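Undergrad: Here the protein sequences come in this chain order: Y and B. Taking the UniProt record's numbering, the leading residue of the first sequence gets 1, the next gets one more, and so forth. Taking the UniProt record's numbering, the leading residue of the second sequence gets 1, the next gets one more, and so forth.
Quick caveat, the hints were computed from the structure, so don't treat them as lab data. Quick caveat, the model's predicted, so the values are computed rather than measured. Hints may be right or wrong, so weigh each one.
[Claimed, not checked] In silico lysine to any residue, SDA-like type, Cα no more than 20 Å apart, as pairs: (1) B/Lys222 to Y/Lys77; (2) Y/Lys77 to Y/Arg134; (3) B/Lys222 to Y/Leu110; (4) B/Lys273 to Y/Lys159.
[To be verified] Here chain B is said to cover these stretches of chain Y; the calculated rule only asks that three of the stretch's residues, wherever they fall, bring their Cβ under 8 Å from a Cβ of chain B: (5) 125-132; (6) 172-185.
Even for Gly, the Cβ is constructed at its ideal location relative to N, Cα and C.
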Amino acid sequence: MTVLSLRGINKTFGAVAALTDIELDVAAGQVVAVVGDNGAGKSTLVKILSGVHPPDSGTITFEGRQVEIPTPAAAHKLGIATVFQDLALCENLDVIQNLFLGQEIRPLRLNDVAMETRSWELLRQLSAKIPSVRVPVAALSGGQRQTVAIARSLLGDPKVIILDEPTAALGVAQTAEVLNLVERLRENGLGVIMISHNMADVKAVADTVAVLRLGRNNGVFAVDQVSTEDIIAAITGATDNVVSRRNQRGQQ
Amino acid sequence: MSAVTTDRQDERLQSRDGWRGAITDVVERARGGDLGVIPVVVGLIVIWSVFQALNPIFLSSANLVNLTLESAAVGVIALGIVCVLLVGQIDLSVGSVSGLSGAVLAVLFVGQGLPVWVAILASVLMGAVIGWLYGQLFNRFGVPSFVITLAGLLAFLGLQLYVLGTKGSINLPFDSALVNFAQLDFVPAPLSYAFAVIASAWLFLSGYLHAQARRKAGLSAKGLSTLVVRSVALLAVLAFVVWYLGQTRGVGWMFVFFVALVLIMHYLLSRTKWGRSVYAVGGNVEAARRAGIDVKAVFTSVFVLCSTFAAVGGIMAAARLAAANQSSGAGDVNLNAIAAAVIGGTSLFGGRGTAFGALLGIIVIQSISSGLTLLNLDSSIRFVVTGAVLLLAVVVDSVSRRSRTSHGRA
Ligand SMILES: Nc1ncnc2c1ncn2[C@@H]1O[C@H](COP(=O)(O)OP(=O)(O)OP(=O)(O)O)[C@@H](O)[C@H]1O
Ligand SMILES: [Mg+2]
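So here's chain Y without its partners, still in its complex pose (with noise of 0.2 Å):
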């Protein structure tokens, strides 16, 4: 069931064409990996979805409706949690502060040891390396500062996640760990949106793999029927490309 979908998406900042007729579509216990080189429009795609941007023109479906998403609040509302690639955390709050931001436990008066413990649950499952919850943000390396931007899309009740480039920090057990939550997301029924730019973590994960390239549609494959190569080709726009070329000079 497609819990997603995008059709005719436009986006432009000034002359530069971000994203130009856009579609994506999500299944529920679905996970789509996006790609593309820099700049190809991917984290404008992850902004138009999490109502940081709105998109020029086009249609978002959510749940069979059709929706504007002109605010984050307003996709948060939806059920739409956003992993940013630059984390959008505020340095001067500690862990705790940061993971409840805008979601607070009892607004009036806030309950606090509700929040630690909640944090510490979502932390130890991810398998965070943090020491204490009670430093601000600033005092984190960028690892553990991503484990907190992801452990923060975990809370409320999401439907769909979408990460943007969430594993680009992290060490390898961590890595591994949001490969494993991902894959448990998909088993809870959560549609998911990997963006990411290591092609071994998107065949390990995605269901299916989504190109694009400068700013459009450039072909959505299922990963069990796809080899790296033609990824890579499609990304690139050529199969004889940098990297293939590097691949061969390797093998001979």
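Starting from the structure of chain Y, add chain B with the ligands where the hints point.
TA: Chain B with the ligands alone, transformed into the frame defined by chain Y:
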């Protein structure tokens, strides 16, 4: 306790229990640039020692009672400044708004003969509307707040002069409740002591319940002895203050009112969702927006609070003087309020500071002013000294911010 609590399992975490732990914690934080109230307290000790050495009247009970009364009005204004600074903005017009508020109060109360509470309500409401206006201008047009409020500074000063008319000064009747409240109403001694006891009992009880809830949830918590020592220390300090001020007139209701506002703001900022969103907006606007916070509403609420507090401060100042005139809210009111907030540890860069900062900061400012007055030095020197202290506070803020970034506590 048998097992290690949930939040203490990382082996890199050094145990910081008991007294030694608490002290190490403070020292570490200060090294990392998280100075908290240390600079203010040190500054206050230095200032008080110097002035006491120069003039033995300075620390007399009578002078300190005066000091508390004098600090209330600008302290309330500084409380509003703390709020705008927390979101990384500034309001330069609080002086004019307070002056205008005093003038409106006097005109409605004395000139029009309306009941005093109507006049008060109207002035406060006017403050709220001014803040709302700032919020709209800021949110809609994205004009930097210092420009908007600089325009407000001049415009509302003009309005104040216009409202006061040709006479330029309106006296409030001495027998009115408002003037009484600001000049003559003091808390009876037994009630003052009761306040002190309630405050420390409250501190203990809330700490105890919180610790219990934490233990029940399997988290580390403060020990009973720490809680007891903490609230006994508070009781001792408060009882001493009450006793010492009680040697002469005692604790003024106006000062109690100011402290009550500080406590309310402290609660709102640290224990509510709104407070969290204020700090979040000050730390990273875009992150706050993406977390689903209505950033514009936060900005508006903060501007409204600041102007409202400025209006309340203006009423208090008028009541204290028993008059509203052309120089109400002029001169150093603006800068004193901003300086008090900054000296109290509120960062100009947004995202850090506390309501208690306004209380500590205004006491520093008022001490300097009172000390210099006692030495018969006129306002020219007072301006220079206050300016220097403000500069010092800003330097401390900037340096500690730099040190925070390098110690990962930004
Ligand atoms: N806020 C913005 N203002 C102007 N142009 C933008 C903005 N955001 C993105 N762009 C442009 O849109 C295009 C797509 O950017 P986007 O961030 O979506 O790329 P990406 O696929 O996420 O790349 P990367 O792999 O490097 O993260 C780029 O050409 C970029 O310059
Ligand atoms: Mg990107």
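Undergrad: The structure should be examined with respect to each hint, and the outcome stated for every one.
TA: Now for the hints, and whether the structure bears them out:
{"no.": "1", "hint": "B/Lys222 to Y/Lys77", "result": "violated, 38 Å"}
{"no.": "2", "hint": "Y/Lys77 to Y/Arg134", "result": "violated, 28 Å"}
{"no.": "3", "hint": "B/Lys222 to Y/Leu110", "result": "holds, 19 Å"}
{"no.": "4", "hint": "B/Lys273 to Y/Lys159", "result": "violated, 25 Å"}
{"no.": "5", "hint": "125-132", "result": "holds (count 4)"}
{"no.": "6", "hint": "172-185", "result": "violated (count 0)"}
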